[in-house]
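Asker: From first to last, the protein sequence lines are chains A and B.
What the first sequence shows, in my numbering, is residues 3 to 376, in sequence order.
What the second sequence shows, in my numbering, is residues 3 to 376, in sequence order.
Since the hints were made in silico from the structure, they are not lab data.
Bear in mind that the values here come from a model prediction, so they are computed numbers and not experimental data.
Hints may contain errors.
No copy is singled out in the list; a pair is fine if it fits within one copy or between any two copies.
As the list claims (entries may be wrong) - Keeping only pairs whose Cα atoms sit at most 30 angstroms apart, straight-line, the calculated DSS-like set for lysine-lysine is:
| # | residue 1 | residue 2 |
| --- | --- | --- |
| 1 | LYS35 | LYS163 |
| 2 | LYS31 | LYS319 |
| 3 | LYS145 | LYS335 |
| 4 | LYS328 | LYS163 |
| 5 | LYS163 | LYS178 |
| 6 | LYS376 | LYS218 |
| 7 | LYS180 | LYS267 |
| 8 | LYS292 | LYS35 |
| 9 | LYS342 | LYS317 |
| 10 | LYS58 | LYS84 |
| 11 | LYS163 | LYS267 |
| 12 | LYS292 | LYS335 |
| 13 | LYS145 | LYS163 |
| 14 | LYS180 | LYS220 |
| 15 | LYS163 | LYS218 |
| 16 | LYS163 | LYS220 |
| 17 | LYS44 | LYS58 |
| 18 | LYS267 | LYS178 |
| 19 | LYS44 | LYS163 |
| 20 | LYS317 | LYS218 |
2 protein chains.
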Amino acid sequence: MKKISTILVSLLTVVGSMCYAQTSTTVIKEDFKPSSLNQPGKEYPMVNSQGYARFKVDAPQAQSIVVSLGLGGAKGGTPLAKAEDGSWMGTTAGPMDEGFHYYHLTIDGGVFNDPGALNYYGSTRWESGIEIPAQDQDFYALKDVPHGNVHQILFPSPSTKTSRRAFVYTPPTYGKDKNTRYPVLYLQHGWGEDETAWSNQGHANLIMDNLIAEGKIKPFIIVMTYGMTNEIKFGSGFRNFDFTQFQTVLVDELIPYVDANFATKADHQNRAMAGLSMGGMETKNITLSKPEVFSHYALLSGGTYAPDEIKDKSKVKLIFLSCGSKERPDGIKSSVEALKGAGFNAVSYISEGTAHEFQTWRRSLKELAPLLFK
Amino acid sequence: MKKISTILVSLLTVVGSMCYAQTSTTVIKEDFKPSSLNQPGKEYPMVNSQGYARFKVDAPQAQSIVVSLGLGGAKGGTPLAKAEDGSWMGTTAGPMDEGFHYYHLTIDGGVFNDPGALNYYGSTRWESGIEIPAQDQDFYALKDVPHGNVHQILFPSPSTKTSRRAFVYTPPTYGKDKNTRYPVLYLQHGWGEDETAWSNQGHANLIMDNLIAEGKIKPFIIVMTYGMTNEIKFGSGFRNFDFTQFQTVLVDELIPYVDANFATKADHQNRAMAGLSMGGMETKNITLSKPEVFSHYALLSGGTYAPDEIKDKSKVKLIFLSCGSKERPDGIKSSVEALKGAGFNAVSYISEGTAHEFQTWRRSLKELAPLLFK
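Chain A on its own, in the form it takes in the complex:
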């Protein structure tokens, strides 16, 4: 299937070459298939084996449609052009990174979602999602193995005067033996995302199901809740972001509720916290502030720890730092070296060929899980 769609490529080369040098020489393979994240029955958007994405949108009277893909993808947007059937079509000027990407359409100057794609909460809005098949996609595939459940819980939060939502992954064996209790990982999303991200975009439940089925980890529970409790203050910037309100929700409200309602091992040794991006910043702040609560810390594209930031080394069982190779892997590696030098059990992981996106974090969870609660 190396046939070139000559007309379309020529058209897009003219547009694309303003931004992308590679388009003038790239042969786009015509093996496009619907993205695995399309709405039921929808053909577009499509992706090919090289990582190109092709879009088709019906809006006959529109003046312009541009596809805006998130970080790590083709930058600057993919303008669509009128096709013969009146629809708007276009292909990214370059291949996208493997894995999940947020995107949206700008139609006549307004921001909308692609009606062909499923929606995922990111950038403080429900965005369209597209999946570029990854070489290693097997580790988060839906397989014929025993599956754990993802529970939506509503827990009382006096500090925010409401019932708050969290999702709790319980492993396939959960509840089968009344006497078995499980360690717990508290796992946070990034800025602009919410408590749905790790299950929807991240496939955290499938990653766990598969690792457990392969005997690579001991089962544990994962709890995911919304971390932007005081997002209203975000206007003042990250540096002034106050984590104490979320810390109260997490440590004083959610953890006691989970320990009271699930079969957990409710102690320091069996409690981990991890987060991606802003969730990593939260993880760092809260683990340093509450060393008696968590023993395993993980920052996924979410910063580093310096050895002297940690007051009581004996309370820390693991520090896991990761990012994509397209982020700043040197900072992660040197931080882990410094932590090791100071006697910490520290591990780094660099996701090859990925940026500040969910493929980095799916892989990070897969690498982190076997290291927890040993």
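With the hints as your guide, set chain B onto chain A.
Answerer: Chain B alone, transformed into the frame defined by chain A:
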């Protein structure tokens, strides 16, 4: 707050009066508030105390934007007009029915969602949703009461060669006492919806939490899965729709999985099936085909039973038939009278002032629940 937004009303009266006689005399109260189903931080769409909905969409270069509201709302669409700030604005020409409505935007001839609203799966696509506050909204409100969990489960389905998703509501007391087992209601969505509908649009979990907190029902489990397993045949029309494939998934695969993995009372007397619209058609077909599996039957805007369709009267503990007053309540009432005359325990419920929409079904679940498993 009876101030009239004179300019806007005048403008919309011109447009609206082509379809709606009432607009020329109605005074629209300017007490609009954001719909409770808006995306976080979004002001529009808004609703007022009379049930009018107002929309605002940014797309400066668009040629036309029309809001298409679902059944039971203003019909024919609400065209938006350019406002001074370059956005598109408009108000429905008449008040909407209370409760939940699906809608979408037609922008320059293409169908898109409103970026201000959350999305709900209906009409075989993720649609925008808007909520007109109902007089009786308290029964599905999120309150400070003990909350049950909604578990996402993945169950093996050899007949469809995949793992299928279902949602399982467990009441707040579930799991607290290891010896307590619960009856189960299998609850189906309508055509074009999926297994998310009863929790997302229907608030089935909150309805149950509130009824349980008020002591109005004995707790039971609700199981919700996808009923359009062979939707590909839908082109041939409803009458030729073959329910046997879904019956296999439900009766031979899902029910055994639920009984094996949850603390259920796994017998005929403690198993009910209900469905809305197409889900009612499925409920009728499957309960008649498998009288040994279910003892309580409920069709919500989903048809009726004739007494002679039921072969063994002793197997039926309850037949519940409901619809909105704007549907065909006479058919429901006369069917229930005939069933009663034939000796069945039959109950009808008519939701006042609502049509073939979710407010009818939320209320129907609230009326049905206390009648189950007595």
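Asker: Please name the hints from earlier in the document that this structure breaks, with their numbers sorted from lowest to highest.
Answerer: 2, 3, 4, 8
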